[in-house]
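> These protein sequences, in sequence, are chains A and B. In terms of the working numbering, the first sequence opens at residue 1 and continues consecutively. In terms of the working numbering, the second sequence opens at residue 159 and continues consecutively.
If you are wondering where the hints come from, they were derived from the structure by calculation, not from laboratory data. Nothing here was measured: the structure is a model prediction, and the numbers come from that model. Heads up, the beta-carbon is just placed ideally off N, CA and C, and yes, glycines get one too. Warning: the hint list may mix true and false statements.
[Unchecked claim] Here are the computed distance ranges between Cβ atoms for each label pair:
#1 A:K156 - B:L219: 47 to 57 angstroms
#2 B:R301 - A:D47: 29 to 39 angstroms
#3 B:P344 - A:C141: 14 to 24 angstroms
[Stated by the list, open to error] To give an idea of the interface, some chain B residues facing chain A are shown, with a C-beta separation under 10 angstroms as derived from the structure:
#4 F162
#5 P241
#6 I392
#7 G393
[Claimed, not checked] If we take Cβ atoms under 7 angstroms as the criterion, some of the chain B residues that face chain A in the derived model are:
#8 M159
#9 G190
#10 I260
#11 S264
#12 P344
#13 D349
#14 I350
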Amino acid sequence: MATHEKIHIKTTINGNPEEFLADPHTSLLDALREIVGLTGSKEGCLDGNCGACTVSVNGRIVDSCLVLAAEVDGQNVDTVEGMANSDGLHPLQQAFLEEAALQCGICTPGFLVSAKGLLDNEPDPSEERIRHWLAGNLCRCTGYNNIIKAVQKAAKNL
Amino acid sequence: MQPFAYTAPTTVKEAVEILTKHGDKARPMAGGTDLLVQIRGGKYNLDAVVDIKKIPELNSLSNDSKSLNIGAAVPCHRIYEDPKISEDFPGLIDAAELIGGIQIQSRAGIGGNLCNSTPSGDSIGPLIVLSAVANIEGSNGKRSIPVEDFCTGPGSNALENGEILVSLSIPNQGSKFNSAYERFIPRNEMDIAVAGVASSILIGSNGKIESARIALASVGPTPILAKKASESLIGKEPGEAAFNEAGAIAKTECSPIEDMRGTVDQRKHLVEVLTVRTLNKSLERIGG
């Protein structure tokens, strides 16, 4: 039955098992940032427009501000922190740097996770497909052209 | 967010019991992409959020020669990623592919879109022209109602206290039937319709239109089944003359308001244009 007590959540984040306690009303975004300590995912609009909080749950991108932490019990969560490895940056991150696809950077983690969600399943997307896929991510300073170029470059390099 | 309890029942019976007990202080959650925004905005003061995704019937999706059955919690991506559903029901796919962005489509479903009952709900018009039926269950048992009777006002619907939408059933009307949905928005993606129109036509063995449905979004307090425009098509040769006439009639069957998205005249004009376009697209999809 429903209670307001904290919920014990066992999940896998970026391939590592994680266990934590969260209030039933805690969003996945708040749990990641404030409980697990992964602050890469950003809070923007809190209503599903901006995509700054995008993470992947079981391989599908979601706005983590619109997911309850309780819902990811037993699920696999991947965040921007899981993209680079000991060999260096992920090709998408490298391409964002080379194509100057960011200025203030607050939207960047969301764009990276979204773009990875596309390239993981579709290695050679058209420009139109990339633009459609990234419509749920907003950037208010760079504009989108360099971001699209970066994703196209990463697709070639992957 | 204000505190609430979270529960994820695994049977319809259990969900109905919790919702009945809490009344207005509990809400079912499928994708949560509307509900969590509404909670943050102060629309509800809830004791409990009832996650319905773990109930098997609400998460099942089946499509056979007779009908398509969509569990109320099935997210949009599962619908448009199914090649057979895409082939059989392109008018529904038109909507499933444009509700929010990819992130939203991972979670949001057609059941939730219907239960939110906004006049602009993109999937409601397509459901109406596909003659979809809403299968509901509550403490008094099961009942089914046509989707055109589901919404009763902006944000309100036929669900009684404790009742939940279990699934949507859409009849498969064969290869001489098809449908389409189009909306007008100022941006290319991620926006709320200024006006939207869904249409469907069934061509009889004599080559004439045997039945037709036209539904209008964002131009009244609920999505509207434009009955006169739909009936005007019956018995007609499918094509420009009949479609233009239906568009002109559909324009008279809506009651749009003027707001920041558009004026009354613009919305009525859009209804006419989109009616003709979606009828043409339905006919194209039927093919030779």
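> For each hint, tell me whether it holds in the structure or not.
Status of the hints after comparison with the structure:
Separated by about 36 angstroms at the C-beta atoms, K156 (chain A) and L219 (chain B) break the suggested range of 47 to 57 angstroms. Distance hint check for R301 (chain B) and D47 (chain A): the Cβ-Cβ separation is about 33 angstroms, which falls inside the suggested range of 29 to 39 angstroms. A beta carbon spacing of about 22 angstroms between P344 (chain B) and C141 (chain A) agrees with the range 14 to 24 angstroms that was offered as a hint. Interface restraint check: F162 (chain B) against chain A, minimum CB-CB distance 5 angstroms, threshold 10 angstroms, status holds.
Checking P241 (chain B) against chain A by beta carbon gives a least distance of about 15 angstroms; that is not within 10 angstroms, so the hint is violated. At about 37 angstroms, the closest approach between the beta carbon of I392 (chain B) and any beta carbon in chain A exceeds 10 angstroms, and the interface hint on this residue is violated. The criterion of a C-beta within 10 angstroms of any C-beta in chain A is not met by G393 (chain B), whose closest approach is roughly 40 angstroms, and the hint is violated. Look at M159 (chain B): its Cβ gets to within about 5 angstroms of chain A, closer than 7 angstroms, so that hint holds up.
The interface hint given for G190 (chain B) is met, as the beta carbon of that residue sits about 6 angstroms from the closest beta carbon of chain A, less than 7 angstroms. Given the 7 angstroms rule on beta carbons, the hint for I260 (chain B) holds: about 6 angstroms separates it from the nearest Cβ of chain A. About 4 angstroms separates the beta-carbon of S264 (chain B) from the nearest beta-carbon of chain A, less than 7 angstroms, and the hint is met. Taken as an interface hint, P344 (chain B) does not check out: its beta carbon lies about 14 angstroms from the nearest beta carbon of chain A, beyond 7 angstroms.
Among the interface hints, the one on D349 (chain B) is violated; its C-beta lies about 10 angstroms from the nearest C-beta in chain A, farther than the 7 angstroms criterion. At its closest, the beta carbon of I350 (chain B) sits 11 angstroms from a beta carbon of chain A; the interface hint therefore is violated under the 7 angstroms criterion.
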